[in-house]
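Q: Sequence:
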Amino acid sequence: MDLMLLMPIAKSTQKKKKISDFRTNIDIEFIDWFSDATKMAENIGSQVEMPRLVGQQVHRANVNATTPLEYYKKNVVIPFLDHLTHELDSRFRQENRAGGDIFHLMPCSIVKCTDFDALCEKLSYWEDDLPNPTALKNELKEWANTWRAKPVDSIPKQIIQCYSVADN
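Here my numbering = 1-based position in the sequence shown + 143.
Read the hints as simulated data drawn from the structure, not as lab findings.
Think of the CB as a built atom: it goes at the ideal place given N, C-alpha and C, for glycine as much as any other residue.
Possibly wrong hints are sitting among the right ones.
Stated by the list, open to error - Lysine-lysine pairs mimicking DSSO-like chemistry, simulated, CA-CA at most 30 Å apart:
#, residue 1, residue 2
1, LYS284, LYS265
2, LYS280, LYS255
3, LYS159, LYS265
4, LYS255, LYS300
5, LYS154, LYS217
6, LYS255, LYS160
7, LYS159, LYS217
8, LYS160, LYS182
9, LYS265, LYS280
10, LYS300, LYS284
11, LYS161, LYS182
12, LYS293, LYS280
13, LYS217, LYS265
14, LYS160, LYS265
As the list claims (entries may be wrong) - The calculated label-pair distances, taken between Cβ atoms and stated as ranges, are:
#, residue 1, residue 2, range
15, ALA261, VAL191, 48 to 54 Å
16, ILE221, CYS305, 44 to 50 Å
17, THR209, ASP272, 23 to 29 Å
18, ILE245, MET183, 43 to 49 Å
19, THR167, MET193, 20 to 26 Å
20, LYS158, ALA292, 38 to 44 Å
21, SER307, LYS255, 20 to 26 Å
22, LYS300, GLY242, 15 to 21 Å
23, ARG166, TYR306, 52 to 58 Å
Please model the complete structure; the sequences and the hints are all you need to start from.
A: This is the structure:
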């Protein structure tokens, strides 16, 4: 179904929240990760060590740390989580979501709509393209009622199916 295209946006919001929670509780959460990594290293006959630190480092992070746990938390995990958050923000920007909101007009979605005010808010990005933006809510209700009056099996679930019933 074409509405599945909206799933990455929803998932990115959920993942960003989890990463943010992990970043907030880094002192507690990282201990578990580091403990697992230490056990894996021991299983292969190695141990977790931190690289030696120098006064001025050019090619890698050099945050002061006294233990391997502290070193990897400050120099690897925290910068990685920050980078991941930044990438999610840049790839799933709020202004890029407006294109996805138009999928809510598909018949299979509009028949399920119960909050037309929220839908109008989502579609406000397209206000300049509408002939009469103040009538949007009523138009959406009419659109929903048109499709609710049809048999369920005749309601298009994909964009290409919508094209075939566009002028009927």
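Q: Confirm or reject each hint.
A: Going through the hints against the structure:
Proposed proximity of LYS284 and LYS265 is supported: the alpha carbons are some 15 Å apart, at most 30 Å. Distance restraint check for LYS280 and LYS255: the Cα-Cα separation of roughly 15 Å lies within the 30 Å cut-off, and the hinted pair is therefore satisfied. Between LYS159 and LYS265 the alpha-carbon distance is near 21 Å, which keeps this suggested pair within the 30 Å criterion. Proposed proximity of LYS255 and LYS300 is supported: the alpha carbons are some 12 Å apart, at most 30 Å.
At roughly 27 Å between alpha-carbon atoms, LYS154 and LYS217 fall within 30 Å of each other, so this suggested pair holds. Between LYS255 and LYS160 the alpha-carbon distance is near 27 Å, which keeps this suggested pair within the 30 Å criterion. Of the supplied pair hints, the one linking LYS159 and LYS217 holds, its CA atoms being roughly 20 Å apart against a limit of 30 Å. For a cut-off of 30 Å, the pair hint linking LYS160 to LYS182 stands: about 29 Å separates their Cα positions.
With a C-alpha separation of about 12 Å, the suggested pairing of LYS265 with LYS280 holds against the 30 Å cut-off. Between LYS300 and LYS284 the alpha-carbon distance is near 19 Å, which keeps this suggested pair within the 30 Å criterion. Simply put, LYS161 and LYS182 have alpha-carbon atoms about 25 Å apart, close enough for the 30 Å limit, and the pair holds. For the hint pairing LYS293 with LYS280, the CA-to-CA distance comes to about 21 Å; that is within 30 Å, so the pair holds.
Restraint check for LYS217 and LYS265: the C-alpha separation of about 40 Å exceeds 30 Å, so the hint is violated. Our distance criterion of 30 Å between C-alpha atoms is met by LYS160 and LYS265, whose separation comes to about 21 Å. In this structure the supplied range 48 to 54 Å holds for ALA261 paired with VAL191, their Cβ-Cβ distance being about 50 Å. For ILE221 and CYS305, the hinted distance range of 44 to 50 Å is satisfied, since their beta carbons lie about 47 Å from each other.
One distance hint, 23 to 29 Å for the beta-carbon pair THR209 and ASP272, is violated here, with the actual separation near 60 Å. Look at ILE245 against MET183: about 47 Å separates their beta carbons, and that is inside 43 to 49 Å. For THR167 paired with MET193, a C-beta distance near 24 Å keeps the hint of 20 to 26 Å intact. Judged by the Cβ atoms, the range 38 to 44 Å given for LYS158 and ALA292 holds: they are separated by roughly 39 Å.
Remark: the range hint 20 to 26 Å for SER307 to LYS255 is upheld by a beta-carbon distance near 21 Å. About 19 Å separates the C-beta atoms of LYS300 and GLY242, a value consistent with the hinted range of 15 to 21 Å. Range check, ARG166 to TYR306: about 45 Å between beta-carbon atoms, so the 52 to 58 Å window is missed.
Violated hints, listed in ascending order, are 13, 17 and 23; each of the other numbered hints is respected by the structure.
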